[in-house]
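A.B. asks: Here is what each chain is made of, one letter per residue.
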Amino acid sequence: MKHFLSVDDVDDPMMLVKEAINLKSHPLVYDDLGIRKVLGLIFLNPSLRTRMSTTRAAYNLGMNVMSLNMSNDSWTLETEDGVVMDGNSIEHVKDAAAVMGQYCEVIGIRSFPSLKDREDDYGEHLIKYFAQYSGVPVINLESSTVHPLQSLADLVTIEEMKKRAKPKVVMTWAPHVRALPQSVPNSFAEWMNRTDYEFVITHPEGMGLHPKFVGDATVTHDQEKALENADFVYVKNWSGFEHYGELKNDPSWMIDLNKLKNTNNAKLMHCLPVRRNVVIADDALDSDHSVILKQAGNRVCAAQAVLKSILM
Amino acid sequence: MKHFLSVDDVDDPMMLVKEAINLKSHPLVYDDLGIRKVLGLIFLNPSLRTRMSTTRAAYNLGMNVMSLNMSNDSWTLETEDGVVMDGNSIEHVKDAAAVMGQYCEVIGIRSFPSLKDREDDYGEHLIKYFAQYSGVPVINLESSTVHPLQSLADLVTIEEMKKRAKPKVVMTWAPHVRALPQSVPNSFAEWMNRTDYEFVITHPEGMGLHPKFVGDATVTHDQEKALENADFVYVKNWSGFEHYGELKNDPSWMIDLNKLKNTNNAKLMHCLPVRRNVVIADDALDSDHSVILKQAGNRVCAAQAVLKSILM
Amino acid sequence: MKHFLSVDDVDDPMMLVKEAINLKSHPLVYDDLGIRKVLGLIFLNPSLRTRMSTTRAAYNLGMNVMSLNMSNDSWTLETEDGVVMDGNSIEHVKDAAAVMGQYCEVIGIRSFPSLKDREDDYGEHLIKYFAQYSGVPVINLESSTVHPLQSLADLVTIEEMKKRAKPKVVMTWAPHVRALPQSVPNSFAEWMNRTDYEFVITHPEGMGLHPKFVGDATVTHDQEKALENADFVYVKNWSGFEHYGELKNDPSWMIDLNKLKNTNNAKLMHCLPVRRNVVIADDALDSDHSVILKQAGNRVCAAQAVLKSILM
Chain A
10 MKHFLSVDDV DDPMMLVKEA INLKSHPLVY DDLGIRKVLG LIFLNPSLRT RMSTTRAAYN
70 LGMNVMSLNM SNDSWTLETE DGVVMDGNSI EHVKDAAAVM GQYCEVIGIR SFPSLKDRED
130 DYGEHLIKYF AQYSGVPVIN LESSTVHPLQ SLADLVTIEE MKKRAKPKVV MTWAPHVRAL
190 PQSVPNSFAE WMNRTDYEFV ITHPEGMGLH PKFVGDATVT HDQEKALENA DFVYVKNWSG
250 FEHYGELKND PSWMIDLNKL KNTNNAKLMH CLPVRRNVVI ADDALDSDHS VILKQAGNRV
310 CAAQAVLKSI LM
Chain B
10 MKHFLSVDDV DDPMMLVKEA INLKSHPLVY DDLGIRKVLG LIFLNPSLRT RMSTTRAAYN
70 LGMNVMSLNM SNDSWTLETE DGVVMDGNSI EHVKDAAAVM GQYCEVIGIR SFPSLKDRED
130 DYGEHLIKYF AQYSGVPVIN LESSTVHPLQ SLADLVTIEE MKKRAKPKVV MTWAPHVRAL
190 PQSVPNSFAE WMNRTDYEFV ITHPEGMGLH PKFVGDATVT HDQEKALENA DFVYVKNWSG
250 FEHYGELKND PSWMIDLNKL KNTNNAKLMH CLPVRRNVVI ADDALDSDHS VILKQAGNRV
310 CAAQAVLKSI LM
Chain C
10 MKHFLSVDDV DDPMMLVKEA INLKSHPLVY DDLGIRKVLG LIFLNPSLRT RMSTTRAAYN
70 LGMNVMSLNM SNDSWTLETE DGVVMDGNSI EHVKDAAAVM GQYCEVIGIR SFPSLKDRED
130 DYGEHLIKYF AQYSGVPVIN LESSTVHPLQ SLADLVTIEE MKKRAKPKVV MTWAPHVRAL
190 PQSVPNSFAE WMNRTDYEFV ITHPEGMGLH PKFVGDATVT HDQEKALENA DFVYVKNWSG
250 FEHYGELKND PSWMIDLNKL KNTNNAKLMH CLPVRRNVVI ADDALDSDHS VILKQAGNRV
310 CAAQAVLKSI LM
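Protein chains in written order, with the working numbering: chain A, 10 to 321; chain B, 10 to 321; chain C, 10 to 321.
It should be emphasised that the hints constitute simulated quantities derived from the structure, not laboratory data. Among the hints, a few may not be true.
Copies of the same chain look alike in the list, so a pair counts if it fits in one copy or across any two.
Stated by the list, open to error - Capping the alpha-carbon separation at 20 Å, the derived lysine to aspartate or glutamate pairs in EDC-like fashion look like this:
hint : residue 1 : residue 2
1    : K11       : E100
2    : K27       : D205
3    : K125      : E28
4    : K245      : D95
5    : K137      : E114
6    : K257      : D40
7    : K11       : D129
8    : K33       : D231
9    : K221      : D40
10   : K303      : D292
11   : K270      : D21
12   : K303      : E100
13   : K257      : D95
14   : K103      : D259
15   : K175      : D95
16   : K103      : E89
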């Protein structure tokens with residue numbers, strides 16, 4: 010694997026899932042693959058799970074890790090070409106990327122969308138520049154529009170837990186009190202479209218995702234109907250794509266235990282952090298339906314499979 | 010040892026002190042005990058000595074370390090059950106703890122008190138949740154009410170320096186310009202009460218500590234009398250427990266060289282950082298009485314003894 | 010080498026350059042020299058290249074690294090003796106240095122100048138205190154007045170690229186939109202004065218550097234004349250030394266491709282980050298003249314040569 014920017018960089022997603030499941034059982038089998046190699050993690054936005062799980066994955070492979078926390082305020086990167094940089098930007102991304110690539114064997118980078126300029130966000134300029142100019146493999150630690158390490162961990166979780174070959178997987182929009190990016194649902198949809206599962210997306214009217222991520226998924230505004238006979242219910246809030254970045258908070262879409270009754274004893278998924286009793290009710294989160302902790306734990310083997318593919 | 014939240018988790022404090030002293034002489038004897046194991050350090054408040062000494066201790070045992078800096082502002086954890094999380098809290102501590110425990114073999118966590126709500130601070134909810142839900146051993150890097158890694162290092166220092174079997178140890182309140190937590194004096198008292206030393210606490214009226222930490226200590230408001238014949242003088246400011254969080258700044262309680270004259274050539278201790286000529290005068294700090302640097306150095310072997318006990 | 014505070018700590022700069030070039034070819038030859046040893050990096054100001062390259066250098070030598078980010082706001086160090094510390098400073102630098110030295114085998118420290126109090130900045134109190142009190146070797150990660158790790162990397166770059174034994178090296182002031190320290194040009198001049206190159210400094214009137222750094226360099230206000238037949242053109246903005254900290258932004262001093270025409274096909278150098286089309290024009294930066302990326306890459310072998318000299 011050259012880069013890991015999205016599922017498009019993965020020849021066979023199911024093979025990568027299998028690799029991750031193997032590494033979960035034997036995390037230290039390749040513990041000298043990364044000896045004396047360095048993973049550089051660059052955070053333009055906060056990170057907890059991604060930071061810790063990716064670091065752990067690198068340690069399991071014997072790598073060294075260096076993390077760099079940068080905020081857009083103190084270290085604004087220029088992404089346009091040819092401009093006179095007399096404003097807030099102190100360095101052009103193509104220079105920064107080319108420099109950092111000389112200090113690491115692999116770079117991971119996180120950068121959230123503005124949620125203000127859709128065209129700019131969906132252009133994914135920053136991570137594309139890093140892939141183009143750093144000279145080393147680049148891993149997406151969540152960019153403006155996708156979060157493939159999360160999706161891979163999600164897929165690992167489904168493969169571990171599924172009780173029939175082609176489970177019904179339902180991704181449902183849920184309410185929230187802040188406008189969140191579309192990266193997790195975009196990415197989950199994109200990966201689901203590379204499986205042979207039955208995949209359904211349900212959300213309120215006006216809250217549809219970018220068509221290129223929705224792909225062949227069945228889309229409905231009827232949450233109740235969508236959940237019928239579901240094997241997996243992936244709950245996630247996102248802000249508007251049409252009305253870009255718009256916050257919607259409709260409490261009737263919150264998932265609780267009652268809503269899971271007509272499912273096929275569905276496993277309940279969420280990428281975390283989850284606001285309890287806003288996105289999902291306690292009675293569902295604390296029930297046997299929930300696999301959210303397993304899902305978070307799978308972030309390690311997912312990142313490790315990606316790193317291993319890059320190093321080998 | 011399962012957790013290290015306070016002295017209550019230690020069967021035999023003096024055995025742990027001896028272990029620390031051994032490790033100080035031979036820091037690398039167990040340098041493969043922690044190979045491929047990860048210590049996760051989580052800071053909800055700033056840390057210098059604790060961060061560096063605990064990291065060093067982990068390195069001496071061959072562990073990997075990952076540090077996470079979180080401020081209460083950007084990543085507020087919910088500690089109440091059953092609430093609708095539509096406010097500032099973005100994640101429930103029981104979820105966060107259970108996730109982080111999957112990425113590390115051991116977790117250390119630092120979280121200061123509010124100094125506003127005594128009942129809440131003394132409830133120690135955050136660290137208790139981590140111990141309950143993380144699934145891995147938890148080390149207290151200073152919580153709302155105690156700082157046991159500091160106290161263990163203090164005890165190591167006394168054992169190294171004492172000239173009689175049962176030294177007289179005096180902990181004296183000292184002035185300061187900011188309201189500080191009671192964690193260091195609480196913890197020191199609690200550990201002293203597990204020794205057979207003579208232990209005296211002296212402080213101005215109204216500045217008493219919580220009785221459960223004071224225990225069997227002799228308490229007096231007469232600093233001069235307390236210092237008589239002392240072998241060790243532990244100087245520390247704390248804010249009010251009765252008038253919770255209240256700042257008191259009485260310059261007459263500052264320790265200087267003159268005040269040490271009637272001691273038994275006492276060793277002068279402080280946990281650092283120390284404001285010179287406010288808490289302790291230069292003439293005392295720069296005299297042969299001072300063992301503050303040795304004390305700070307002992308933070309490494311103390312943390313290493315705790316980590317070793319947990320790993321073995 | 011005891012400390013690496015400036016070129017004055019280096020017996021033979023050219024030998025150190027040769028060592029760095031050797032390490033660049035064989036970065037892992039000494040990969041067990043630093044096993045179980047810890048480099049502590051302390052940042053009172055932001056750092057990207059220095060942080061990453063020095064960390065990488067330490068990893069190449071098998072060292073562990075711990076980084077501490079402190080801002081002057083939250084952790085102000087007192088640098089005066091004998092004062093009553095009842096203000097913003099929470100710890101005296103001599104105490105902090107002596108503590109940290111017990112946790113690491115080597116300390117690196119970065120601290121920018123105020124650009125307000127010239128005498129104070131040029132006194133270099135902070136790093137001198139660290140060298141005096143920490144008890145371990147101290148590496149300058151850029152102080153108020155010099156940046157020797159950068160200069161060493163610059164010298165490595167010149168030695169790698171030079172086409173005649175005594176190249177003409179020209180350092181030219183360039184415009185900027187913010188007042189920047191003089192540390193990079195001071196340091197570059199100081200190192201150039203330890204070589205047998207022809208060394209010319211050019212800058213607008215009133216923008217001269219401290220005479221002790223200028224040394225024997227030829228100084229001219231005629232940029233065009235200075236550039237004639239140059240083999241290397243080092244471009245850098247700095248704020249006023251005479252009118253201390255004063256910002257000057259004269260666009261006519263920007264370097265572009267046209268200005269390089271009368272050079273000896275000069276290599277173009279800059280320490281980065283560079284504001285494109287303010288300091289240097291795109292047409293020069295993106296031409297074959299530019300060696301800025303090689304220069305940034307050489308930060309690793311430069312830091313590694315310094316660390317190796319200290320460890321051996």
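A.B. asks: For each hint, tell me whether it holds in the structure or not.
C.D. replies: Each hint tested on the structure:
no.: 1; hint: K11 <-> E100; result: neither (26 Å within a copy, 35 Å between copies)
no.: 2; hint: K27 <-> D205; result: within (15 Å within a copy, 59 Å between copies)
no.: 3; hint: K125 <-> E28; result: neither (38 Å within a copy, 51 Å between copies)
no.: 4; hint: K245 <-> D95; result: between (40 Å within a copy, 15 Å between copies)
no.: 5; hint: K137 <-> E114; result: within (17 Å within a copy, 36 Å between copies)
no.: 6; hint: K257 <-> D40; result: neither (46 Å within a copy, 54 Å between copies)
no.: 7; hint: K11 <-> D129; result: neither (25 Å within a copy, 51 Å between copies)
no.: 8; hint: K33 <-> D231; result: neither (37 Å within a copy, 62 Å between copies)
no.: 9; hint: K221 <-> D40; result: neither (38 Å within a copy, 48 Å between copies)
no.: 10; hint: K303 <-> D292; result: within (18 Å within a copy, 53 Å between copies)
no.: 11; hint: K270 <-> D21; result: neither (35 Å within a copy, 53 Å between copies)
no.: 12; hint: K303 <-> E100; result: between (40 Å within a copy, 17 Å between copies)
no.: 13; hint: K257 <-> D95; result: between (38 Å within a copy, 13 Å between copies)
no.: 14; hint: K103 <-> D259; result: neither (42 Å within a copy, 26 Å between copies)
no.: 15; hint: K175 <-> D95; result: neither (56 Å within a copy, 36 Å between copies)
no.: 16; hint: K103 <-> E89; result: within (10 Å within a copy, 43 Å between copies)
Of the numbered hints listed earlier, those contradicted by the structure are 1, 3, 6, 7, 8, 9, 11, 14 and 15.
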